[in-house]
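Enquirer: Single-letter residue listing:
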Amino acid sequence: MVKTDTFERGVHPHDSKELTAHKPIEKAHLPKRVVIPLSQHIGAPAKAEVNIGEEIKKYQLIGSPPGFVSAPVHASLSGKVIAIGDFLHPSGRMIPSIVIESDGKDEGVPLKDNPDYLRLSPDEIKGLIRDAGIVGLGGAAFPTSVKLSPPKEKPVDTVILNGAECEPYLTADHRLMVERPREIVNGLKLIMKALGVSKGYIGIENNKPDAIEAMEAVVANESDIEVRTLTVKYPQGAEKMLIKAIIGREVPPKGGLPMDVGVVVQNVGTALAIYEAVRYGKPLIERVVTVTGKGIREPKNMMVRIGTMLTELLEDCGGLVDGAVKVIVGGPMMGFAQWSLDVPVVKGTSGILVQTEEDFFPSEEYFTCIRCGRCVDVCPMGLNPSMLSILSEKGHYEEAKEYNLFDCFECGSCAFVCPSKRPMVQFIRLAKSQTKP
Amino acid sequence: MAVEAKKEQLIVSVSPHIRDEETVSRIMWSVNFALFPALVASFYYFGPRAIFVTALCIVTSVLSEYVFQRALKKKITISDGSAFLTGLLLGMNLPPSLPFYIPIVGSFIAIIITKQLFGGLGYNIFNPALIGRAFLLITWPKAMTTWSAPTASFVALDAKTTATPLGLLKEEGIGKLIEEFGSKGDLYINLLIGSRAGSLGETSVIFLLLGAAYLLYKRYITWHIPVSFLATVGVLAWAFGGKDGLFTGDPLIHLLSGGLILGAFFMATDYVTCPTIRKGQIIFGVGCGAITMLIRLKGGFPEGVMFAILLMNCFSPLIDRNVKPELFGTVKEKK
Numbered sequence: 001m002v003k004t005d006t007f008e009r010g011v012h013p014h015d016s017k018e019l020t021a022h023k024p025i026e027k028a029h030l031p032k033r034v035v036i037p038l039s040q041h042i043g044a045p046a047k048a049e050v051n052i053g054e055e056i057k058k059y060q061l062i063g064s065p066p067g068f069v070s071a072p073v074h075a076s077l078s079g080k081v082i083a084i085g086d087f088l089h090p091s092g093r094m095i096p097s098i099v100i101e102s103d104g105k106d107e108g109v110p111l112k113d114n115p116d117y118l119r120l121s122p123d124e125i126k127g128l129i130r131d132a133g134i135v136g137l138g139g140a141a142f143p144t145s146v147k148l149s150p151p152k153e154k155p156v157d158t159v160i161l162n163g164a165e166c167e168p169y170l171t172a173d174h175r176l177m178v179e180r181p182r183e184i185v186n187g188l189k190l191i192m193k194a195l196g197v198s199k200g201y202i203g204i205e206n207n208k209p210d211a212i213e214a215m216e217a218v219v220a221n222e223s224d225i226e227v228r229t230l231t232v233k234y235p236q237g238a239e240k241m242l243i244k245a246i247i248g249r250e251v252p253p254k255g256g257l258p259m260d261v262g263v264v265v266q267n268v269g270t271a272l273a274i275y276e277a278v279r280y281g282k283p284l285i286e287r288v289v290t291v292t293g294k295g296i297r298e299p300k301n302m303m304v305r306i307g308t309m310l311t312e313l314l315e316d317c318g319g320l321v322d323g324a325v326k327v328i329v330g331g332p333m334m335g336f337a338q339w340s341l342d343v344p345v346v347k348g349t350s351g352i353l354v355q356t357e358e359d360f361f362p363s364e365e366y367f368t369c370i371r372c373g374r375c376v377d378v379c380p381m382g383l384n385p386s387m388l389s390i391l392s393e394k395g396h397y398e399e400a401k402e403y404n405l406f407d408c409f410e411c412g413s414c415a416f417v418c419p420s421k422r423p424m425v426q427f428i429r430l431a432k433s434q435t436k437p
Numbered sequence: 438m439a440v441e442a443k444k445e446q447l448i449v450s451v452s453p454h455i456r457d458e459e460t461v462s463r464i465m466w467s468v469n470f471a472l473f474p475a476l477v478a479s480f481y482y483f484g485p486r487a488i489f490v491t492a493l494c495i496v497t498s499v500l501s502e503y504v505f506q507r508a509l510k511k512k513i514t515i516s517d518g519s520a521f522l523t524g525l526l527l528g529m530n531l532p533p534s535l536p537f538y539i540p541i542v543g544s545f546i547a548i549i550i551t552k553q554l555f556g557g558l559g560y561n562i563f564n565p566a567l568i569g570r571a572f573l574l575i576t577w578p579k580a581m582t583t584w585s586a587p588t589a590s591f592v593a594l595d596a597k598t599t600a601t602p603l604g605l606l607k608e609e610g611i612g613k614l615i616e617e618f619g620s621k622g623d624l625y626i627n628l629l630i631g632s633r634a635g636s637l638g639e640t641s642v643i644f645l646l647l648g649a650a651y652l653l654y655k656r657y658i659t660w661h662i663p664v665s666f667l668a669t670v671g672v673l674a675w676a677f678g679g680k681d682g683l684f685t686g687d688p689l690i691h692l693l694s695g696g697l698i699l700g701a702f703f704m705a706t707d708y709v710t711c712p713t714i715r716k717g718q719i720i721f722g723v724g725c726g727a728i729t730m731l732i733r734l735k736g737g738f739p740e741g742v743m744f745a746i747l748l749m750n751c752f753s754p755l756i757d758r759n760v761k762p763e764l765f766g767t768v769k770e771k772k
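Chain order of the listed sequences is A and B. Using the working numbering, you'd call the opening residue of the first sequence number 1 and step up by one each time. Using the working numbering, you'd call the opening residue of the second sequence number 438 and step up by one each time.
The hints are simulated quantities; they were obtained by calculation from the structure and are not laboratory data. Computed from a predicted structure; not experimentally measured. Note that the Cβ used here is the ideal one computed from N, Cα and C, for glycine as well. There may be inaccurate statements among the hints.
[Stated by the list, open to error] Pairwise CB distance ranges, derived in the manner of DEER restraints: (1) A:THR435 x B:VAL477: 33 to 39 Å; (2) A:TRP339 x B:VAL504: 39 to 45 Å; (3) B:SER462 x A:LYS32: 49 to 55 Å; (4) A:GLY85 x B:TYR503: 55 to 61 Å; (5) A:HIS14 x B:TYR654: 45 to 51 Å; (6) B:PHE752 x A:GLY318: 56 to 62 Å; (7) B:ILE562 x A:PRO66: 41 to 47 Å; (8) A:PRO252 x B:LEU554: 43 to 49 Å.
[What the hints assert, rightly or not] In silico lysine-lysine, PhoX-like type, Cα no more than 25 Å apart, as pairs: (9) A:LYS47 x A:LYS32; (10) A:LYS421 x B:LYS597; (11) A:LYS394 x B:LYS510; (12) B:LYS761 x A:LYS394.
[What the hints assert, rightly or not] Computed, partial: chain B to chain A, Cβ under 8 Å: (13) SER450; (14) ASP457; (15) GLU459; (16) LEU554; (17) LEU558; (18) GLY559; (19) TYR560; (20) ASP681; (21) LYS716; (22) PHE752; (23) ILE756; (24) ASP757; (25) PRO762.
Sequences and hints are given; from them, build the entire structure.
Expert: Below is the structure:
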């Protein structure tokens, strides 16, 4: 047995990655049109820089950031802007978006190779990352350049690349690590350079031996980069749990950030995007999406243009099977169930999971809390989810704060194990929405 | 199926979209199952009367829950195994020979007064089976403390009455107790296998432990309450249980007698009425052990497990309010 690193508590859902783990990343068909939301990141939405009717090229800037905590957006194909307005986003909200109809030519603004990219200064690196519109591709979509600019009073000494991919079903990061390990490590080097950090780790869960092997082969001669094997446990890939597992530091509660313990965590997909942005000036216009589940005919890992509609992407994977009832953007533990398939793939979309009646658990029926404490035993944050759910159910939102309501990051481990099948995350979100930290 | 046709029929629900297989009813039925070996042992020692009393409790419990929920137009939950469990536990906590109406009244009190009037499963403050038993003990003190001697034959329809080991210990001292069983070794063995007078399901320590081991293995219960409960009883029995001064008591007799094993593994661990947080459960277990020994050594009753658990049930909400799990990030880093 290999020694693996991990955090305390957590859950062990079946990982269901066998559907796509061995399938190489395929290029999705060029979409007929793309809907590109101006807000695909945490922070201020970008401002549209194009007008309806304008002919544009791939990689062209179409939305610029109005402030520091924001990110630009770029055209993911060439064609004509046919609409600018509010469109449905996978989060369930209507978001100002730019719709581009493809001209089928896929012509891009020329990119320039800079083989000397490793000699760029930290500020130049951060500038290129910002201009490329890179955000965290693990799902949270926080603007990467902001994360790479910690304030002076928070010295950072460690970078951790997150290859845990602890969400069941998802294999996007897995495939990237197997297929493009060298570029990922180059991205890590750029992140370390940008932060002036000399120690980097890559954390990978033990259920991806081929990814561990591939990454280890690349870093064999790098003394300052280390691959760490992680226990297969959810939510191993949550930033705080990952840091705890690899270097034993605990991010403080009440809004503490990784930089408070001298760490910056980036997803492996983000590292690849950083490499491409810094070396070639390539904006973030595509990403790997795992399209999977019993409800999809041909589960695959796809390289997908940002803005591709789910309808088109699902057809690209053979369409839905007859019993398909639920389409989730993201993984099964934290993803969002969609009520419409007219939503685009955005920068933070790591997977699309289609469940069938066989998978489906009728979550509208739940029972009272019997206070068995299973949720307490699995909560990675050390909360009492049972109490939070009961207080929220009764409308005692203020009191829930005494039980550290706002330290919950909604990983869903409590709901996963709840024998009463209570919608724990819903209760906690409701309480959060009704009170202030 | 075409993607287009699917659009209007999608199910939307909150994450997570996968759940594990445990359900309340699966847990409850597993606890019922874990009690089965001890129930068979009670049949062996006390004959068909033991089964009759237990069956009466189970039938009345389940029926009471059904009628109550039916009358109030609530969802019928009798299939979740919790009313069955309350009946089973109450039955196992009763003397083997009782007039038929006593188990019926006890089950009614347990299910209607203790459980349903507080809102049903999850809302009750006290362990229903134990409140049922406490009511019976107060109402029919004579019948509830008349114990049958074990016969080890499966068939005994009637048996002579005798005192429980704890009763003997209290009234006549340890010398008489050992004399009754032959030797100290015989006493331990009989206590372990259950060949002694007592509540019908509490006597067979070995079979109760078998069931408890199953529950521990399935992680339906954890060690915290039973171990802290038993350890407290053991230490206090050793410290204060002897005639010849401090630390001369015999902890084993106290650990193996009365309703301690049944109470510590199957009743004090009742999810609804014990604290949720493991640290709090240790406080709860220690409290149960201390009150048990206070009653056994200084109180008017020879046995105190029932009152100990019921009294500690009152503290569960207070303990949960004040003993919180360790919030991530508040612990000093170890590396």
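Enquirer: Hint by hint, which ones does this structure get wrong, listed from lowest number up?
Expert: 1, 5, 7, 10, 16, 20, 21, 22, 23
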